[in-house]
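Number of protein chains: 2
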Amino acid sequence: MAENFKVTPYEVEGKIDYDRFAKEFGISIIDKKLEERIEKLAGGSHWLLRRHIFYAHRDMNWLLDEYEKGNRFYLYTGIAPSGSMTLGHLIPFMFTQWLQEKFGVEVYIQIPDEEKALIRNVSFDEVHKLAYDDALNIIALGYDPKKTKIFFNTDYAGTLYRQAVRVAKRITFSMVKDAFGFTNETNIGSIFYTSMQAVPAFLKSVEEKKNVPCLIPLAIDQDVHFRVARDALVKLGYYKPAIVHAKFLPGLGGRPKMSASDPNDTIYLSDTPEAVEKKVHRAITGQQSTAELQKKLGGDPEKCSVCQYYRYLFEPDDKKLEKIFEGERKGTLLAGEHKDDLSKRINKFLEEHNKKRERLRSKLDEFILKD
Amino acid sequence: MAENFKVTPYEVEGKIDYDRFAKEFGISIIDKKLEERIEKLAGGSHWLLRRHIFYAHRDMNWLLDEYEKGNRFYLYTGIAPSGSMTLGHLIPFMFTQWLQEKFGVEVYIQIPDEEKALIRNVSFDEVHKLAYDDALNIIALGYDPKKTKIFFNTDYAGTLYRQAVRVAKRITFSMVKDAFGFTNETNIGSIFYTSMQAVPAFLKSVEEKKNVPCLIPLAIDQDVHFRVARDALVKLGYYKPAIVHAKFLPGLGGRPKMSASDPNDTIYLSDTPEAVEKKVHRAITGQQSTAELQKKLGGDPEKCSVCQYYRYLFEPDDKKLEKIFEGERKGTLLAGEHKDDLSKRINKFLEEHNKKRERLRSKLDEFILKD
Numbered sequence: 046m047a048e049n050f051k052v053t054p055y056e057v058e059g060k061i062d063y064d065r066f067a068k069e070f071g072i073s074i075i076d077k078k079l080e081e082r083i084e085k086l087a088g089g090s091h092w093l094l095r096r097h098i099f100y101a102h103r104d105m106n107w108l109l110d111e112y113e114k115g116n117r118f119y120l121y122t123g124i125a126p127s128g129s130m131t132l133g134h135l136i137p138f139m140f141t142q143w144l145q146e147k148f149g150v151e152v153y154i155q156i157p158d159e160e161k162a163l164i165r166n167v168s169f170d171e172v173h174k175l176a177y178d179d180a181l182n183i184i185a186l187g188y189d190p191k192k193t194k195i196f197f198n199t200d201y202a203g204t205l206y207r208q209a210v211r212v213a214k215r216i217t218f219s220m221v222k223d224a225f226g227f228t229n230e231t232n233i234g235s236i237f238y239t240s241m242q243a244v245p246a247f248l249k250s251v252e253e254k255k256n257v258p259c260l261i262p263l264a265i266d267q268d269v270h271f272r273v274a275r276d277a278l279v280k281l282g283y284y285k286p287a288i289v290h291a292k293f294l295p296g297l298g299g300r301p302k303m304s305a306s307d308p309n310d311t312i313y314l315s316d317t318p319e320a321v322e323k324k325v326h327r328a329i330t331g332q333q334s335t336a337e338l339q340k341k342l343g344g345d346p347e348k349c350s351v352c353q354y355y356r357y358l359f360e361p362d363d364k365k366l367e368k369i370f371e372g373e374r375k376g377t378l379l380a381g382e383h384k385d386d387l388s389k390r391i392n393k394f395l396e397e398h399n400k401k402r403e404r405l406r407s408k409l410d411e412f413i414l415k416d
Numbered sequence: 046m047a048e049n050f051k052v053t054p055y056e057v058e059g060k061i062d063y064d065r066f067a068k069e070f071g072i073s074i075i076d077k078k079l080e081e082r083i084e085k086l087a088g089g090s091h092w093l094l095r096r097h098i099f100y101a102h103r104d105m106n107w108l109l110d111e112y113e114k115g116n117r118f119y120l121y122t123g124i125a126p127s128g129s130m131t132l133g134h135l136i137p138f139m140f141t142q143w144l145q146e147k148f149g150v151e152v153y154i155q156i157p158d159e160e161k162a163l164i165r166n167v168s169f170d171e172v173h174k175l176a177y178d179d180a181l182n183i184i185a186l187g188y189d190p191k192k193t194k195i196f197f198n199t200d201y202a203g204t205l206y207r208q209a210v211r212v213a214k215r216i217t218f219s220m221v222k223d224a225f226g227f228t229n230e231t232n233i234g235s236i237f238y239t240s241m242q243a244v245p246a247f248l249k250s251v252e253e254k255k256n257v258p259c260l261i262p263l264a265i266d267q268d269v270h271f272r273v274a275r276d277a278l279v280k281l282g283y284y285k286p287a288i289v290h291a292k293f294l295p296g297l298g299g300r301p302k303m304s305a306s307d308p309n310d311t312i313y314l315s316d317t318p319e320a321v322e323k324k325v326h327r328a329i330t331g332q333q334s335t336a337e338l339q340k341k342l343g344g345d346p347e348k349c350s351v352c353q354y355y356r357y358l359f360e361p362d363d364k365k366l367e368k369i370f371e372g373e374r375k376g377t378l379l380a381g382e383h384k385d386d387l388s389k390r391i392n393k394f395l396e397e398h399n400k401k402r403e404r405l406r407s408k409l410d411e412f413i414l415k416d
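Chains as they are written, first to last, in our numbering: chain A, 46 to 416; chain B, 46 to 416.
Isolated chain A, as found in the complex:
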């Protein structure tokens, strides 16, 4: 890993150089040509792709070649519960939902309700409860109940473990040690865990008794699981999954990744409107130190977390986004107003999201797979 930053599923540190990250691990950048190819086949465009938030990939051209030959893919993504979901968590799920809708394909969503309990000081029972909340937050994004299968690892281990051991046989401790930053004092559940995460990348091939291409939208810290498992999957006779990689939603305080464990840096889906307002008003902007200076010199939208929240999540319209960025650059948009606007947008989003959530509560069972 590059010396100035560190990205593993269990630790993100320093200022992330996304291009260098991709280069180091043999991940390709999504270029204009691939972007247009995806949009053409999808019959539409998504801001997360246009704005290079999903910025890199593995084997996407192969996946689309197969798709054009009539060999349809399925989608796989997931989240490890550890607390209330944050806005940042929604990014891969929003994009996955869009891909499902546009390509009309199935989605497998793994909720590993053992992972964080193994890694952190949180109980298995607590994580298992959180898993249901996460599932509700996910389906509220508009997933098709007929084409979406959600499973919690401890409830679906009867299916997953049988396959996980086949992957695990081909992964050594040496391989996971460096990749995940483990030591000899790491517990053996954490060491094994990556093989459980690998399973849904070929589970449909097991079920259908023929190879089915798989596309995994994920945040870059999760790529390592499939780096470690890719060779094992090939040896087992399956396709390597294609992957599209998202950048992290920055923290309100300027961290490169919104941290779920720092409440001030992060907006949780469970935050009250007041809490959202308070947090956004404490956010770091790219503006000058006073309103006078800002009006005179203007600010830098790239350094402004408020602008970045619009870019990542809250302004799908590129023209309107450019106007916000321009206001920041030219100094016509002042911090207070800027933050008020974003608070309102976030609170409106959360209000609608929570309504959808509650409406779907009774439908959740339709999505959940159990052994």
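Watch out, some of these pointers could steer you wrong.
Identical copies look the same in the list; a pair holds intra-copy or inter-copy alike.
[Said to hold, decoys possible] Dumping the calculated DSSO-like pairs for lysine-lysine here, alpha-carbon to alpha-carbon at most 27 Å:
#1 K365 - K222
#2 K249 - K415
#3 K174 - K280
#4 K222 - K161
#5 K415 - K194
#6 K340 - K68
#7 K77 - K222
#8 K323 - K340
#9 K415 - K254
#10 K415 - K174
#11 K174 - K254
#12 K340 - K389
#13 K400 - K192
#14 K254 - K161
#15 K174 - K255
#16 K375 - K340
#17 K389 - K415
Calculated from the structure, these hints are not laboratory results.
Given chain A, work out where chain B should sit, using these hints.
For chain B alone, kept in the frame of chain A given last:
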């Protein structure tokens, strides 16, 4: 581990000093007093106990104290399939069946159909098939279908994995590395496996939502799994299991442990009568090099694998066993006759065993637990 021998579940080497093994790992020897206490409570005596083949224990007095207070225990044992079962494999299962019958208690039998596929060059599908044969060989020993639950790990992972991760969280790689002889090149499935083997030692407590004492009859190489897991179980709020430890059935060629991977040293339950005869006739005895010398000087039953087979498995009557040993010692029993007798005994046992096996084939499902 002592320098002259090595005992792990994956490697047994050198001449085993059973007393030293027990001492080194804090295992107690079963003394006359405990032997008599077990016999009194069981209302009977078993040659495997009388002859110190089950020779050591952990916490047996505690288990029997609880039993006398009305806190009944359950039994847990198992076998990892890797090929046809051998005579040696039967020893813990025979003793466990006897304990079930005498104490009227339940038995959990784990058949880890992933373990050997993880450790050795054998496929998961192959091992899974062998697991059914092993289960049949086990129930042919007379287990009570109402009180015996057999489960294959990959079919029962929905129940086991949920508990295994709780154990795994409290076991580090350092702990298993030395205990099992692992290295950084060991695969992560093998590293995790011990936590699956720990689960049945407290599964009944999970099911009954109260602590139930557990007694595990096992061969000494398996003690390590519970050494590694004992502290984790206590931290999870369960009793540590009590254990009784068996010595290994020696190999026909004089090895301290009949090796399932050396066909000439080992009698498989699937061997033909001719194969048994041939193997027994090649066995090492404690006799002199010629019949003349043997008649004159006599032999040593302790060094005679034929005598040992009678002692371990084929002569339950102590007086008749002593007569065989005396014949060997005094030189009145010659090698040919001695081996002919044993071959006949083994073949008679296998013939009856195989008949019981086939009679029970249609009943197997009654014993098997699946998720």
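Hint-by-hint comparison with the structure:
For a Cα distance limit of 27 Å, the shortest separation of K365 from K222 qualifies neither inside one copy, at 46 Å, nor across copies, at 59 Å. Proximity of K249 and K415 under a CA criterion of 27 Å is satisfied in both settings, with 15 Å inside one chain copy and 22 Å between copies. For a Cα distance limit of 27 Å, the shortest separation of K174 from K280 across copies, 22 Å, qualifies, whereas the shortest one inside one copy, 36 Å, does not. In the homo-oligomer, the alpha carbons of K222 and K161 lie at most 27 Å apart both inside one protomer (18 Å) and across protomers (24 Å), since each shortest distance falls under that limit.
Both within a single protomer and between protomers do K415 and K194 lie at most 27 Å apart by alpha-carbon distance, with minima of 10 Å and 23 Å respectively. Neither within a single protomer nor between protomers do K340 and K68 lie at most 27 Å apart by alpha-carbon distance, with minima of 40 Å and 82 Å respectively. In this assembly of identical chains, the alpha carbons of K77 and K222 never lie at most 27 Å apart, being 36 Å within a copy and 49 Å across copies at closest. Proximity of K323 and K340 under a CA criterion of 27 Å is satisfied intra-copy only: 24 Å inside one chain copy versus 100 Å between copies.
Taking the shortest alpha-carbon separations for K415 and K254, both the intra-copy value of 20 Å and the inter-copy value of 23 Å come in at or below 27 Å. With identical chains, the CA atoms of K415 and K174 are at most 27 Å apart both within one copy (16 Å) and between copies (25 Å). With identical chains, the CA atoms of K174 and K254 are at most 27 Å apart between copies only, with a shortest distance of 19 Å across copies and 34 Å within one. For the identical chains of this complex, K340 and K389 are intra-copy neighbours only, at 23 Å inside a copy versus 104 Å across copies, given an alpha-carbon limit of 27 Å.
Only within a single protomer do K400 and K192 lie at most 27 Å apart by alpha-carbon distance; the minimum there is 22 Å, versus 51 Å between protomers. Only between protomers do K254 and K161 lie at most 27 Å apart by alpha-carbon distance; the minimum there is 25 Å, versus 32 Å within a single protomer. Taking the shortest alpha-carbon separations for K174 and K255, only the inter-copy value of 23 Å comes in at or below 27 Å, while the best intra-copy value is 35 Å. For the identical chains of this complex, K375 and K340 are intra-copy neighbours only, at 7 Å inside a copy versus 113 Å across copies, given an alpha-carbon limit of 27 Å.
Proximity of K389 to K415 under the C-alpha cut-off of 27 Å is found in neither arrangement, the shortest distances being 39 Å within a copy and 52 Å between copies.
When each numbered hint is compared with the structure, violations occur for hints 1, 6, 7 and 17.
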